[in-house]
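Peer 1: Residues per chain are reported as follows:
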Amino acid sequence: MAHELPYIAAINEAIQLEMARDDSVLYFGQNLATTENDEFVRAFGHDRVRVTPIAETAEIGMAVGAALAGLRPVVELYMAEFMLVAMNQVVNEAPRFRYMSGGRVKVPLVLKAGYGFTAGWAGQHTGSIYGMFLGIPGLKVALPATAADAKGLMATAIRDDNPVCFLHHYLLTLEPGEVPDGEYLVPFGQAQIRRAGGDVTIVATGWMVGKALAAAASLAAEGIEAEVIDPRTLAPLDTTTILTSVQKTGHVVLVDQAPRHAAASALIAGEIAEHGFSTLKAPIRQVTGLDVTVPYSEPMEAFVLPDDTKIAAAVRQVLGTAPVPA
Amino acid sequence: MPRTTRTGPAKSPELDHPTTLALLATMWRIRCFEERVARLSRSLLVHGLIHLSIGGEGVAAAVCRQLRDDDAVYSGHRAHGHALAKGAPMDRVMSELMGRSDGLCRGLGGSMHLVDREHGLLGATGVVGGNLPLAAGDALAAKLRGTDQVTVVFFGDGAVQGGYFHETVNLAALWELPLIFVCENNGFAEFTPRAAHTKVERVCDVVAPYDFERRTVDGSDVPALWSAFGEYLARARAADGSGRGGGRGPYLLECLTHRLRGHYEGDPQAYREALAEADWARLDPLARLQTDARRRGWLGEDEVRSIEEAARAEVEAAVRFARASPPAEPDATAGLVYARVGTQS
Numbered sequence: 001m002a003h004e005l006p007y008i009a010a011i012n013e014a015i016q017l018e019m020a021r022d023d024s025v026l027y028f029g030q031n032l033a034t035t036e037n038d039e040f041v042r043a044f045g046h047d048r049v050r051v052t053p054i055a056e057t058a059e060i061g062m063a064v065g066a067a068l069a070g071l072r073p074v075v076e077l078y079m080a081e082f083m084l085v086a087m088n089q090v091v092n093e094a095p096r097f098r099y100m101s102g103g104r105v106k107v108p109l110v111l112k113a114g115y116g117f118t119a120g121w122a123g124q125h126t127g128s129i130y131g132m133f134l135g136i137p138g139l140k141v142a143l144p145a146t147a148a149d150a151k152g153l154m155a156t157a158i159r160d161d162n163p164v165c166f167l168h169h170y171l172l173t174l175e176p177g178e179v180p181d182g183e184y185l186v187p188f189g190q191a192q193i194r195r196a197g198g199d200v201t202i203v204a205t206g207w208m209v210g211k212a213l214a215a216a217a218s219l220a221a222e223g224i225e226a227e228v229i230d231p232r233t234l235a236p237l238d239t240t241t242i243l244t245s246v247q248k249t250g251h252v253v254l255v256d257q258a259p260r261h262a263a264a265s266a267l268i269a270g271e272i273a274e275h276g277f278s279t280l281k282a283p284i285r286q287v288t289g290l291d292v293t294v295p296y297s298e299p300m301e302a303f304v305l306p307d308d309t310k311i312a313a314a315v316r317q318v319l320g321t322a323p324v325p326a
Numbered sequence: 327m328p329r330t331t332r333t334g335p336a337k338s339p340e341l342d343h344p345t346t347l348a349l350l351a352t353m354w355r356i357r358c359f360e361e362r363v364a365r366l367s368r369s370l371l372v373h374g375l376i377h378l379s380i381g382g383e384g385v386a387a388a389v390c391r392q393l394r395d396d397d398a399v400y401s402g403h404r405a406h407g408h409a410l411a412k413g414a415p416m417d418r419v420m421s422e423l424m425g426r427s428d429g430l431c432r433g434l435g436g437s438m439h440l441v442d443r444e445h446g447l448l449g450a451t452g453v454v455g456g457n458l459p460l461a462a463g464d465a466l467a468a469k470l471r472g473t474d475q476v477t478v479v480f481f482g483d484g485a486v487q488g489g490y491f492h493e494t495v496n497l498a499a500l501w502e503l504p505l506i507f508v509c510e511n512n513g514f515a516e517f518t519p520r521a522a523h524t525k526v527e528r529v530c531d532v533v534a535p536y537d538f539e540r541r542t543v544d545g546s547d548v549p550a551l552w553s554a555f556g557e558y559l560a561r562a563r564a565a566d567g568s569g570r571g572g573g574r575g576p577y578l579l580e581c582l583t584h585r586l587r588g589h590y591e592g593d594p595q596a597y598r599e600a601l602a603e604a605d606w607a608r609l610d611p612l613a614r615l616q617t618d619a620r621r622r623g624w625l626g627e628d629e630v631r632s633i634e635e636a637a638r639a640e641v642e643a644a645v646r647f648a649r650a651s652p653p654a655e656p657d658a659t660a661g662l663v664y665a666r667v668g669t670q671s
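Sequence order for the protein chains is R and H.
Following the working numbering, the numbering of the first sequence begins with 1 at its first residue and continues without gaps.
Following the working numbering, the numbering of the second sequence begins with 327 at its first residue and continues without gaps.
Pulled out of the complex, with its shape left as it was, chain H reads as follows:
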């Protein structure tokens, strides 16, 4: 069961009516995008290795929708939801997945390496855990500059047993970096259950000796995610009292999520039982937030339909945009290997 470890002073932002609708819209956008990508993948219009985040939309939305464009987010191989929630334009993300010249990264990165500097998506890395020290370096830059930017790194429970995690946690704690670790603990490290990797069930317990603020939340409970992350964000942003600005951290938010799809598209998933409908209804963050909003009278049947329809329409428009975009130019590759001195990027 979700439990709280060392909660800080109560200052939890509550989800209000308009924010709930905005989060639902974001989650629907991700859900419809991912479902569409699954179909495009089966028809080979998306031709590479794809990892979908259905079941994790609540974490992406509750975290990224509280961040500014100048707050950096680092993600991993399962990055579509984080990218969309952080503001990456859907049509360009779709184009990237389809390898087109209008792709977010001009067709050079694909699904696992989405980067959108303008919206603070500094990068997704394809090797588990590799993004952790990168995010810490980014947070160090913010701290040295004395800005109030906060860096967020998404990672799975599979990254926690590796050296990256421990080395990064140690330095982030030692240097009090404005970094929020957001662990999406879906119980599976690729194809292997957590129990086969470690004796420590909760990631929050792994970092206990460093004694920074951390808590485990139900990753399907969007209001709980919103307030837990919002509290950490506000505190990470706050000046550290040194008189030179700069936020302070780190924090760890462990979100217990469910990965509805396999590790990758095409994964036969022999390692786990198919999920019962009733269980999915309980684990689906979108259905839960929607039910909750309706109970509060914030959402009628028509509005539910229109949010979903708007998301589906945006996805179809993104697919049309991508189909119309020419395939990435093969000879564009060589010119991007090295940055030239004096260029912006």
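With the rest of the complex left out, here is chain R:
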């Protein structure tokens, strides 16, 4: 059975179910538990639902320590950029501790943060900064695109014995979707084919999945069938599903909201170039954010970000149905 929930409520449902299931799960962060009426406080009390000062190095550092001591903290960070304040904890401590100890300890920890809030939030609250957390051995990165995945990936993140950056897209916050009832786990490292098609492979994450599906719908009217793949986790990355699709279509468009030189699409392009080159019938194209800080003004914002029109244009180019711009 399933029920309809907004994306953000699906995340909360997963956290609540996991907190009910396992006493060692803590939830803490800034501005949490500020009223007795808070649903988390009512269910789990102030010991397990804690408000922290605006002090990310202590907030995330303490979560790492609590995880080393056997608890499973979920840190509410709100904005992905707030992790930048505590990069030593996120990059240098949480993911490296188990490894450097020769496997003697583990750090089960979820860093929950929103990203990509390109709705007039300007330069410091809008970044798609997941690229910074890729290539950090020991760290996992999940980017849910639907309410169901938001629930299932969060539950999996909490049960994982490794630190996980769980990055939810702010522009999907109120997006409703069908969510399975009760316990629901989405495995990491397993991409989802959002739309099947044989002409071109489009890979997209988060908010860009919807843009890719919109582009695919308009291309279908032209007789082009696009396959849209959502990796769901970038670390681990399901290259098998992507390469299998590329083998079928021979054409690839990679969509990423991040600036081109920080985009996960570059990493995926590398994997395809190395392992799927012989199946390619045209060069890979990336549709990414421009290499700029996200501007405040709405038309400027739209100018720098990928959208369905830009994605569809890129598809036409790789298929040779439109001229490639100089």
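If you're looking for bench data, these hints aren't it; they were derived computationally from the structure.
It cannot be assumed that every hint is accurate.
Chain H is nowhere near these chain R residues, computed Cβ spacing over 10 Å in every case [said to hold, decoys possible]:
1) Arg-104
2) Asp-161
3) Ala-302
Covered by chain R, according to a simulated footprint, are these stretches of chain H (three or more residues, beta-carbon under 8 Å) [as the list claims (entries may be wrong)]:
4) 449-458
5) 466-479
6) 634-646
Not the full set, but computed from the structure, chain H residues with beta-carbon under 8 Å of chain R [unchecked claim]:
7) Ala-461
8) Gly-489
9) Gly-588
10) Gly-592
Just so you know, even glycine gets a beta-carbon here, dropped at the ideal spot from N, CA and C.
Dock chain H against the given chain R, drawing on the hints supplied.
Peer 2: Just chain H, lined up with the frame of chain R:
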């Protein structure tokens, strides 16, 4: 001069005869280990970045020898003494420094990242101050579980000017965590004297607004360290009266120590004068405790020699063990990047 800030009720455990001998043995073990590591480092058998703790053995011994295995200790880049005093097996620590497969951390961590969960050495971090919030998180876990475990974090005066320290002190005080901050104030933050970093000379004064128990002690005076730390430990362990167990804190013990060696092995130390012999005799915690014990009639010349010889023999055995241990297997690395679901660690 050492001075006391806000002493609590007098309940200072005194160092007795057998404990003094046990501490001397621990300090000799650390001293001989560190001296041997310096030689191995020069001959490249220990090949990485090494920070030695000669001069700080008194703090390591007086603190760690009062802790249980289930009390967590967090240390920093200068961690050998803390690890040995907390109970990490010397042969495995030596193997780790020599990058062997029998190393404490299988050769993956090295000198700056020693971890020995079985003995409560939860971890050493290589970035100054990074261990402070980790220790607070550990203390939070103990408090939430209602156990009487106490967490100790060692850090230098160099960590105090950073945000980590202030953020952690604030939360530890607010949440009354069973955490004892042990500052080894050796007057140098890496290569820079404290006066070049801050106007506040004493770390105890930095935390004054939070109004928790704190004191500055002579870090070469082992009996004073023992009783000051012992008092804080007993109080941190005590139930907090809430009826759900759990200790209460935090406390700060600021130990004025002397770092005999440079910041790292190979440090030319252009920033300070060489220490005069007479000054070292006054600052050496081992010599001082030994002299004190002899004055009390607890130690004869033969016993001094046998404690030192036992330590040297253990160090040589550790070196032999490490030399016999095969080099760490390169392909062991990939399998340890991620914990698998359902595994113990």
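Peer 1: With reference to the structure, classify each hint as holding or not holding.
Peer 2: Tested hints:
1. The claim that Arg-104 (chain R) is not at the interface with chain H is violated, since a C-beta of that chain comes within 10 Å of its own (minimum 5 Å).
2. The non-interface label for Asp-161 (chain R) is inconsistent with chain H: the shortest C-beta to C-beta separation is roughly 4 Å, within 10 Å.
3. With 10 Å as the threshold on Cβ separation, the claim that Ala-302 (chain R) sits away from chain H holds: the shortest Cβ distance comes to roughly 38 Å.
4. Counting residues of the segment 449-458 of chain H whose beta carbon lies closer than 8 Å to any beta carbon of chain R gives 5, which reaches the threshold of three, so the coverage claim holds.
5. Here's how the segment 466-479 of chain H fares: 4 of its residues keep a CB closer than 8 Å to some CB of chain R, so the rule of at least three is met and the hint holds.
6. Counting residues of the segment 634-646 of chain H whose CB falls under 8 Å from any CB of chain R gives 0; the rule of at least 3 is not met.
7. The interface hint given for Ala-461 (chain H) is met, as the beta carbon of that residue sits about 6 Å from the closest beta carbon of chain R, less than 8 Å.
8. The restraint placing Gly-489 (chain H) at the interface with chain R holds, with a minimum CB-CB distance near 6 Å, inside the 8 Å limit.
9. Taken as an interface hint, Gly-588 (chain H) does not check out: its beta carbon lies about 24 Å from the nearest beta carbon of chain R, beyond 8 Å.
10. Because the closest C-beta pair between Gly-592 (chain H) and chain R is about 23 Å apart, greater than 8 Å, the hint is violated.
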